Amino acid sequence: MEWLQQLINGISLGSIYALIALGYTMVYGIIKLINFAHGDVFMIGAFIGFFAISRWDLGFFPALLLAMVVCALLGVFIERVAYKRLRNATRIAALITAIGVSLLIEYTTIFFRGAQPEAYPNVVSSKTFQFLGAQISMQSIMILSVSIVLMLILQFIVHKTKIGKAMRAVSYDVEAARLMGINVDNTISVTFAIGSALAGAAGVIFGVYYTKIDPLMGIIPGVKAFVAAVLGGIGIIPGAVAGGMVLGVVETIVSALGFSSWRDAAAFIILILILIFRPSGIFGKNTREKV
Amino acid sequence: MVANSKLKKYASVFLASSLVVGLLAGCGSKDQSTTSGSKGNSSKEVKIGLNLELSGNVASYGSGIAKGARLAIKEINDNGGIDGKKIVPVEIDNKSDAAEATAAAIKLATQEKVVAQIGSATSGNTVAAVQIANKNKMPVIGPSATSPTVTVNSDNSVNEYAFRTCFIDPFQGRIAANFALNTLKAKNVAIFSDSASDYAKGLAKSFKETIEENGGKVVAEESYVAKDTDFKSTLTRLKSKKPDFIYIPGYYEEVGLIVKQAREAGITVPLMGGDGWDSPKMVELAGGDSLNNTFFTNHYSSEDPDEKIQKFVEAFKGANKDQAPDAFNALGYDTVYWLKDAIERAGSTDGEKVKDALAETKDLSLVTGTFSVDENHHPVKSATVLEFKDGKQVFNSKVNP
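First to last, the sequence lines map onto chains A and B. For what it's worth, the working numbering labels the leading residue of the first sequence as 12, then goes sequentially. For what it's worth, the working numbering labels the leading residue of the second sequence as 19, then goes sequentially.
If you're looking for bench data, these hints aren't it; they were derived computationally from the structure. Take the hints with a grain of salt, since some may be wrong.
Some but not every residue of chain A turned toward chain B, in silico, with C-beta under 8 Å [to be verified]: (1) E13; (2) N20; (3) P128; (4) N133; (5) T139; (6) S148; (7) S271.
Reference listing, derived: stretches of chain B covered by chain A, where coverage requires no fewer than 3 residues with Cβ under 8 Å from a Cβ of chain A [claimed, not checked]: (8) 236 to 242; (9) 271 to 284; (10) 298 to 310.
None of these values were measured; they are calculated from a predicted model. For glycine and all other residues, C-beta sits at the position ideal for the given N, C-alpha and C.
So that you can see chain B by itself, here it is in the shape it has in the complex (with noise of 0.2 Å):
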């Protein structure tokens, strides 16, 4: 019991140790980054949080977001910024984990006192702000929170300071459901679906209510389970029961492999998901002949023609060695002239205004598409089909809602 007492004694003064050096820690970032002591929004700069995923397993996501709003700061800046005001982006890094989502969110609303909040990419991340910034007053926009449980709580109320700028998943599963019939004249079709990611299950759900509104027939359902490698015998089985098109919502780990198996089992229909296909390790994972006659839904194309998109594209690629801008590059991008433009229509930087200008948004012009938000603060944007030719992403065709 002696040594058990001592052990207790170390762990705590531990514990205790750690928890000293995490305030100093704290401390020490928030000096730098505040950049006009603790007055908070002064009258001639608009703070900005960014509580963003720029390290940990999302990594990839956050950046992305963080790329496309340092673009658009920097163009509103150059341009006179929002009413003259200049903006301070306050980035932090939330690590890819929801409870520093949580502490950054806290230190944006109480510390820094910043007007809105962007991020995070993910929705558990964003949902982590969520009750902070209704606390606090502080907009919270997720530029890539896909889920409805960002802004829609499970007793239907609507959270009325979080918001998105993205579509929600269930929207994409409609625009398939409505390609799948229209473009490709499909009538029995099959789904093959992430039976453990509710992401895809939304798409799925979705779909499948479109494709049966519609006078379609669902042939098949299946399911895999993520980190699954072999899927040989489901489609086989899935085959048999002679599909003209397989709806395979989920990511592209899994989904690469299927595309993949799917076609040496003989399986030459046309295929298709959501923005969970759109990565480069799918093209290495599938191959590029087996994704051949697959499409995806998409937030966005860099091949769009459109003019306000090939303009967000040249910029894009001048500030970042001409690399060309993904959805996450262009979701936060518009995220930073959604938030402009609300700011300017409530002709003041407070919350609750702010919030108030977000939810009344309608037909405001974005490259991401022209949005309106509905009551659950969901956009109402176009969504975009694209293409895998030979390996290569091609634009397909805009689908309105």
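Chain A extracted, bound-state conformation (with noise of 0.2 Å):
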């Protein structure tokens, strides 16, 4: 059953992009901006599990909780340091702004520790179960079921609670939202802590699930969470999980079919045919921009 395999490999690799892809369309959906540095949350996310794990004998979920917060409070530092200033300048001034902070993030890992790789030790068992013929290990129904459980949540807060309210009521408009007595300011700190806490948890995951952790590590799954938020439909919760799913099966079908070397094209391919023919994304309602 390579098949099974192949789609099991697949949504494994497809719900670290979802995580990912969250916190993206978070916090596009509520002040407009790609948040270029969201990558690198989940660099930092990785790291903080690790010392976590390793330094200091803490266990899976332990390290977890503490990455989510730490980044948490990384995001809300961010924003308020970074992009709150320039919420009433340009997108691109702020665009430029978050590639900026990418790169202090990057540079300054780098600068305190090298830019060597580290291993992430294995915390979570590596058995497998076999199941129709594939191969289903301990750490694939882990991450998934993390992050379905994360999804969930995130879902709760949105729909059920008074903050998920002020933040839909902010993306809608943050005029009438601020009329309407509602913290602009405490509300999107909230979109970036919750974003950012969700990258922390995805850093965590990658790096018990593919081991190897880096100071750069976060710019391709960064710009393939980007695509994956896309190609749901940026802005659009369930629109980023379904992006994430679909380029993480398509991208396993590509390097399935023999085409390793293409896997990487493969998700750039799909961002340009939806800039192209559906530029709303696959959740996204076509509206026309507003002159």
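Reconstruct the complex from the two isolated chains, following the hints.
This is the structure:
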């Protein structure tokens, strides 16, 4: 059952993309900013998890929680320091700042610990199960279940809580939300915190699943997650999840057909096709730009 | 426009001053490293240049060679030097950068007037010094420059003054193919190589040729790109082709992950690679269990029972706090002894004569094998096959070309 196996590989990869894509999409949805530093928050999450597990002997779940908390704080810090004062500036100014923040995080990390890679310790048992001829590792199951739980919690926060209602209101119309007495600044900060926490969780999961982490590891997954977010329709939460999964499975299929060196190209070809034929993404509604 | 021209002025002042500072810095380090004034090679000493990566991203290679070379120089000087002359090393750090390596070679050739240059560790940085070497008649020996391009140009002409102590990349592929066919009795092999590196491509190519020449079959060929982390889909595809041996030339950063993911995907057949596997990080990335039943070719093993090797291992441990020497240490050590042998045979420290003596080397017995130099300045020597057992590198066998 080679194809079942490949599907499982694809979904595991896709759920990591989905977790990162959620942060992109939430931030874009609320302040229309592509936060390019998001991939680096993911990297910081991976390193926090690494130190928690290998230096402080924490288990997988405490390490995951710690990485999420630290990344949430980092996300809020970045937003307050770098993006808040640019809220009324042009979008290109904010975008360039985001790239600057991204480089700053990468090279500050290299400055403090060097560029050499680090190997994640084994925290989740590497036991595998046979299922219809496919090998399913404990790690894949773990990744998938943690991702699903996190996404369900996110859905709950966005749709059932007061802060979620505020987030939806701000993303709909900032001015009207402010007139209704919503604290826009705090709402944006909370969005950054949640998005960054998800990226941090993705970092730890990535480390456990793929073992190798390094200070520039966030670049490619960050860009791929951006593609996933656009694919699903940027600004739409279920779109990010679907986009991530589709991208992961497509990449796996491309490799499975024997075009492994075309895998990265496939992701960007998808991006180009989406931008040409359906710029608002799979889940997006075609709205006309207001002039 | 006014602001612009002002900016340009500042920029030019800045550039000029940084040039001056650079020159001054160069002079400073010259004064430190020159021990016998500007006289060059006096009758009592032989100056040898070490142009090595002592800092930067491949510092571990360069400093490994330096350690081996220092030990050899100390031993030779303690035993009376070369024809009664003491070796004086001139060490320059090329910061793992090709431009710095060129600058260092110019300095060694024109200011220090060394007999020969040892280094650099990587092929790229050695190539950077080759032109200078040819022009100034200063032999250059790259201890671990495995790329064929160091000594042979693209038009098949040989760089007269360029040499290397290690075997070249394609040679490892041949050794691995013979090992797979003869020792492991493999018939249907697969290749999974790094498509972005000349090193891996060279190994894969000669491996494939040797397998096909000797009646084996390559059932699958796949590639990855350096920095990839997810190999599961390709490995699943490889598994379905049912190979009984997989050759994975590449560097440890990716190979470590590939080995781990291959075992997770249920691939149990022997895996093999080249000296790019030689790193302590390999075990951390792949895990000791996954590495069982994997092999790689290397220049030498500190566990080789050979008497000459054990003598070297002991001397190295004595000088370096009980640390066992790795391949770079051994190659650095051998390079100095090779150069000593050539200078003695030439009976002179003249660059041209030393170059001829180096090229004529035959059956010289060194730590990394007995070797001769062929017409392309490639050493012909034996390679060692190492095996991983529970996360430890174990000497498996020695394979002659």
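Structure-based check of all given hints:
1. E13: holds (5 Å)
2. N20: At 4 Å from the nearest chain B Cβ, N20(A) passes the 8 Å test, so the hint holds.
3. P128: Holds - the Cβ of P128(A) comes within 8 Å of chain B, reaching about 6 Å at its closest.
4. N133: OK, holds: N133(A) within 8 Å of chain B, min 7 Å.
5. T139: holds (7 Å)
6. S148: holds (6 Å)
7. S271: Nearest chain B Cβ about 5 Å off; hint holds.
8. 236 to 242: holds (count 3)
9. 271 to 284: holds (count 7)
10. 298 to 310: holds (count 4)
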